Amino acid sequence: MAAQRLWASGTGAENAAATEVLSALPGKQPLIRRAFLPPNYETPLVDLRAPFTRNEAFFVRYHLAVIPEIDANSWQLVVTGTSLQQPLTLSLQDLKRRFEPVTLAAVNQCSGNRRGLFSPRVPGVQWGNGAMGNARWTGVRLRDVLRQAGVAADALEVWFRGADSAVLPATPNFQKSLPMERALDENTLIAFAMNDSPLPHWNGAPARLVVPGWTGTYWMKHLTEIRVEPKPLDNFWMKSAYRLPTGAFPGARFVSQETPETTPITEVLVNSLITSHVAGETLARGRHVRFGGKAWDNGAGIERVEISTDGRQNWRDAQLGRDLGRFAWREFSLPLDTSRTGALEVSVRARSRSGLQQPEKLTFNAAGYHDNIVQSVSLRVV
Amino acid sequence: MRRRCIAGVSVAVAGVLASPVLAADEVGSLQLKDGPGKELTSGRCAICHSLEYIPSNAPAMDRAAWQKTVQKMRERFGAPISDEEAQRILDYLSATYAGKS
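In the order they appear, the protein sequences are chains C and X. For any residue, its number in the numbering used here is found by taking its place in the first sequence, counting from 1, and adding 16. For any residue, its number in the numbering used here is found by taking its place in the second sequence, counting from 1, and adding 5.
Careful: at least some of the hints might be erroneous.
[Unchecked claim] Here are the computed lysine to aspartate or glutamate pairs in the EDC-like style, where the Cα-Cα straight-line distance is at most 20 Å:
| # | chain 1 | residue 1 | chain 2 | residue 2 |
| --- | --- | --- | --- | --- |
| 1 | X | 77 | X | 39 |
| 2 | C | 377 | C | 361 |
| 3 | X | 77 | X | 89 |
| 4 | C | 255 | X | 80 |
| 5 | X | 38 | C | 36 |
| 6 | X | 77 | C | 250 |
| 7 | X | 43 | X | 96 |
| 8 | C | 247 | C | 197 |
| 9 | X | 43 | X | 89 |
[What the hints assert, rightly or not] Derived, one-sided and incomplete: chain C residues facing chain X with beta-carbon distance under 7 Å:
| # | residue |
| --- | --- |
| 10 | 51 |
| 11 | 142 |
| 12 | 184 |
Quick caveat, the hints were computed from the structure, so don't treat them as lab data. This structure is a prediction, so every number in the text was calculated from the model and none was measured. Note that beta-carbon positions come from the ideal geometry of N, C-alpha and C, so glycine has one too.
Construct the entire structure; sequences and hints are all you get.
What follows is the structure, given as structure tokens:
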């Protein structure tokens, strides 16, 4: 039973176990299968314990079912658009030879991570805690590529297209855009390696966008085309999907895509995940136990993580682990007092250097995004 | 705990390999519940996606939510479903997979 719990998403009895099937895609270890096709596979909690999430364990998220396996040697990236002066066609070798290589650590978190924990429930892939991971991404700066191609003064957005597509021609291709300021940010990469290995097929080989601090929807996999345009991208994935009520959440604005009612999801909110323990675990009285997990935000950096063992009345600072970079998650831990038997509820809240802290209460939204409320696990000392 | 592998099919076509397809045992495990409209629903929905999207979403769904979903699949994603079929699919899903409390 304990082993099974470790494999599960750690989302609690009501959400886990019965519906969680572990299944391996080619080249991946068994992951929690949320959906088979289009493939949506979640990283089990136990695999979120390491500082960097292994490529074999990294979550998989697709919207559309036709996913070509691309030959890296013949792959080409087209960089073009109305607001680009000198269109480029780049091979993988061109990317590696002609631009400065950059490696950075960053959390990649799906916008819908934890949707399955929403109350009331909302439609969509019913993710637990594992539609996220932390990795070292290696590639080149998008801005270096765009500057070589020459960005015109009227550029408004950069549009991205990947190689995956739908079964039906009528289904909108998955295309996303970024505002110019984020596209030209020094941390936005065209990445071809993950944790020092070539990108796995299921994580966007041979090259994907890496947008540290922004949710996974912008991290276009299997990149084929980059367009710099003077107008907003008008498609289902920008105008209808991945949107929030305007003004409901903190984070960068995406002004060219905003309406008075709704706005695109953008930055990751400050959040934390308990990885050392899962609900229902028993601890031996008097035994030394270290409690901990990960905390992350949009790149401002984690300022402090606090732990409560008395029903969120009093909070103590946890010890922060090594700083892996401001876009990476930060490990935290604290010894637990196991001197008394009985129920032990442990809660965690993280605070960002931006001043934002994990809230107690969920801000409901119909798409099921941004669940960063304080989490607890109920343990028992025996 | 169940662990299974799915089959990946690799057919080289001009540098692009075909995407993995459903292995037989996986297809077999993805049967919808019995009820009027089951065959039609399975047939139409599985054109684009595997069927466990339906039971996995059931806890979030009532008739109104299924209506929105069927409408989205037809109007936004181009699912080839007639008005009459949409009604039967909606009736089936609402009767069988509406678990919202």
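* Asked: Regarding the pair residue 77(X) and residue 250(C), is the alpha-carbon distance no greater than 20 Å?
  -> holds (17 Å)
* To do: Compare the distance between the alpha carbons of residue 43(X) and residue 96(X) with 20 Å, and conclude whether the hinted pair is satisfied.
  => holds (10 Å)
* Can we keep the residue 184(C) interface hint, with Cβ of chain X closer than 7 Å? -> Where the cut-off is 7 Å and the nearest Cβ of chain X is about 5 Å from residue 184(C), the hint holds.
* **Cut-off 7 Å, beta-carbon criterion: hint that residue 51(C) touches chain X** => holds (5 Å)
* With a cut-off of 20 Å on the C-alpha distance, tell me whether residue 77(X) and residue 39(X) pass. => violated (24 Å)
* **Straight-line alpha-carbon gap residue 38(X) to residue 36(C), limit 20 Å** => Satisfied, since the Cα-Cα distance of roughly 19 Å is no more than 20 Å.
* So, residue 142(C) near chain X? Judge it on the closest CB pair being under 7 Å. => Given a least distance of 5 Å, the restraint on residue 142(C) holds.
* Does residue 89(X) lie within 20 Å of residue 77(X) when you go C-alpha to C-alpha? -> holds (16 Å)
* Asked: Does the alpha-carbon distance linking residue 377(C) and residue 361(C) stay inside the 20 Å limit?
  -> Answer holds: residue 377(C) to residue 361(C) is near 18 Å, not above 20 Å.
* Decide if the proposed pair is consistent with the structure: residue 43(X) and residue 89(X), CA atoms, cutoff 20 Å inclusive. => Since the Cα atoms of residue 43(X) and residue 89(X) sit roughly 15 Å apart, the hinted pair holds (cutoff 20 Å).
* Decide if the proposed pair is consistent with the structure: residue 255(C) and residue 80(X), CA atoms, cutoff 20 Å inclusive. => holds (15 Å)
* To do: Mind checking the alpha carbons of residue 247(C) and residue 197(C) for me, to see if they're no more than 20 Å apart?
  => holds (14 Å)
Consistency note: the structure conflicts with earlier hint 1 alone.
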